[in-house]
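Got chain A sorted already, so can you dock chain B onto it with the hints?
There are 2 protein chains.
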Amino acid sequence: MKFQDMTKTQMAELKKNLLSQYQAFKAKGLKLDMSRGKPGAKQLDLSLSLLHFENIENDYMKGPDYRNYGLLEGIDEFRNLYAEILGYDPSDILVFGNSSLNVMYDYISQCVTHGSGGEPWLLQKDVKFICPVPGYDRHFAILEHFGIKMLNVPMKNDGPDMDLIEEHVKDPSVKGIFCVPQYSNPDGITYNADVVERLSRLKPAADDFRIIWDNAYNVHHLGEEQDSLPSILQECSKHGNQDLPIEILSTSKITFPGAGVALLAASKNNIEAIKKRMSIQTIGHDKLNQLRHANFIGDARGLKEHMKKHAEILAPKFELVLGILDEELSEFGIAQWNEPRGGYFISLNTMEGCAKRTVQLCKEAGATLTPAGATFPYGKDPKDSNIRLAPTFPPLEELGKAMELFCICVKLAALEKLMA
Amino acid sequence: MKFQDMTKTQMAELKKNLLSQYQAFKAKGLKLDMSRGKPGAKQLDLSLSLLHFENIENDYMKGPDYRNYGLLEGIDEFRNLYAEILGYDPSDILVFGNSSLNVMYDYISQCVTHGSGGEPWLLQKDVKFICPVPGYDRHFAILEHFGIKMLNVPMKNDGPDMDLIEEHVKDPSVKGIFCVPQYSNPDGITYNADVVERLSRLKPAADDFRIIWDNAYNVHHLGEEQDSLPSILQECSKHGNQDLPIEILSTSKITFPGAGVALLAASKNNIEAIKKRMSIQTIGHDKLNQLRHANFIGDARGLKEHMKKHAEILAPKFELVLGILDEELSEFGIAQWNEPRGGYFISLNTMEGCAKRTVQLCKEAGATLTPAGATFPYGKDPKDSNIRLAPTFPPLEELGKAMELFCICVKLAALEKLMA
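Top to bottom, those sequences are chains A and B. Numbering-wise (this note's numbering), the first sequence opens with residue 16 and increments by one. Numbering-wise (this note's numbering), the second sequence opens with residue 16 and increments by one.
Just chain A, same shape as in the assembly (with noise of 0.2 Å):
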């Protein structure tokens, strides 16, 4: 029966009875996280081999001395696995050190001192960039950082509302775009092929606007049915848009978050222009650890041997909380959720005004989220509704207990709205 359907009455019995069980889970005093798209330790363990690096010393020494200083532009054989595993050219590859979030924040850093083809974006007035809602809570950092003006465009079925960034983009002072194109932190969605055209097709009036294009979950399929995501690079170039799109990836969830490889693809001027960047900013990043990392990985069938993996252990995790949600939430008309065929996520839209009070909920009870309004731009959702949650990091069994508490949570959040 749907909570709005319910008499008064009805809607007291249910909230007592709701509240001793989570008194019940209150008294447990748990300690669960559900708040990051960490792996889990046993993810972790998939790539331990990477650190006994056996025949490193015969490796390193082939050509140029990777211990040493050098290769601004990384080591030949990880730009070579990545351009098999991309069906890119090597050249349009740029190899980083842990972290592409660094890497992407450092690209606006860029823009914003010395631009992107026209003046640094900090000595223009007005400068805006394109968010499509809900997103990644990091994104929005960088932005908000350097004083960006964030546009929210909701995120539809297929990708993010064309008709809107169409629109969008006649504004001079609209700068780019943060996508996180396959798997959408937070939704799982992953742009069709009209979406990625549409984008590809862009002819902003800014002619140094920028796609952000944030593909940290390209090969992170949950099963045998996979998402399929058009090239940007590729798209783009077809419409003479080659300079638009930087696309960024990473091995972070690959390997090893803290101690993974972060890269860059782009068109010949953008990756010069970095390239420039980085002469200034360092000799080189860390080598020997590419090195790990392509020999460990291998190539693009070692790759997808190795994802299979990570999908073993992350299927039950969202098979659990699809479960929980569908037994616990779905007859009662107050949250919908997507079944996201791979990334990190699955979100969660409550009733309009509860998803800061059900996230609270959760925390006195001991299960922390992913803050309320984290997935919008300023920390604001407008509706207060969506919820990110984030099943990867704890086993199983918390797992569980964190999904039944956070439904009675979800429960609890409506009726008092209802009642109010």
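Calculated directly from the structure, the hints in this document are not laboratory data. These figures come from a predicted structure and were not determined experimentally. Be careful, since some hints might not be right.
Identical chains share a label here; the pair holds if one copy fits it or two copies do between them.
[Stated by the list, open to error] 30 Å max Cα-Cα, derived DSS-like pairs, lysine-lysine: (1) Lys371 / Lys290; (2) Lys290 / Lys143; (3) Lys398 / Lys323; (4) Lys283 / Lys319; (5) Lys291 / Lys378; (6) Lys378 / Lys290; (7) Lys185 / Lys43.
Chain B alone, transformed into the frame defined by chain A:
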């Protein structure tokens, strides 16, 4: 006999003789590189066991899982190690990725976009930095990249000319100074206690003035006679100037230049401002590499022992270079050079107007030196006199050949000048 005391005939005869030696070198088709301060392969071999990290599985799980996201400020083991080495508190230290240059670039970039207490430097019309000369070309490149005007201050035997610095800081547009205070690049000079004290007592008109203290060679002695340097943090604190210095170090020339660990030490205020930026920029640096290094180095005594092994490899190279310079050049009054007790360079001054020509002559005969002028802002040595010799990378035999050729070129360039 000094060149200046020779007759034209004597000069002509000497030149003829030197040219025939030069042509003989040229005929050999050598490829020698003395351009950059890179450790040689034997030095890198000293740290090979770093790559075989037997206990890493036991170590990384003691507390937080170092394979995963997090720990923005670096792991305790590494902060504690450097706290012991430097005599600081671990909380004074932030640990980064593999490049200290990147740490300095990022700090200046942060000042450009967000200021260091005042307005962003990009929005302040006229921003200047003091540059002791000769100095490190990559420092100058950072300042030039951000459009920060550089003011040359000559190095004396005990550090930069403090009278001039005390004058410059009266100008509120002068925002900082870049220093390599121990075994300076390229002179190998260590700032003496009086210089450090005067720096720490500065009262700059700009209240967002910063001393970038690139302590790259803090433990890089060549023998038993070692320079020592007071702590800039401690000295500045004595005078209420604790927010002036940003001290930067790395293991680049301790372990692997391409895969080491960089760090920064600063006041509480500065650490907080930097951490605030870092929290937007990354989720954390490579903690497994920090752990490798902490385990490999062990403690202050372990570092000392390790650096002795570097010195055993490097000292003969410096002795060879200094011996050849002494034998080939000292009697002619056409060049002066330093005899450093540590660091990576020997700085030589030719007769005025002869540095570029000397480097060019070397290049044409197959020996690459650091470009003349590189040790000055904008690549402009006003006297065209300074040449940075980097003797660390080539094996001894090659180094000897390169230095013989170099001395021939110094003499030829001087004769060309005197006979013009």
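Outcome of the hint check:
1. Lys371 / Lys290: between (43 Å within a copy, 28 Å between copies)
2. Lys290 / Lys143: The answer is both: 25 Å in one copy and 26 Å across copies each meet 30 Å.
3. Lys398 / Lys323: neither (37 Å within a copy, 64 Å between copies)
4. Lys283 / Lys319: within (28 Å within a copy, 46 Å between copies)
5. Lys291 / Lys378: between (47 Å within a copy, 25 Å between copies)
6. Lys378 / Lys290: Between copies only: 26 Å across, 45 Å inside.
7. Lys185 / Lys43: neither (55 Å within a copy, 64 Å between copies)
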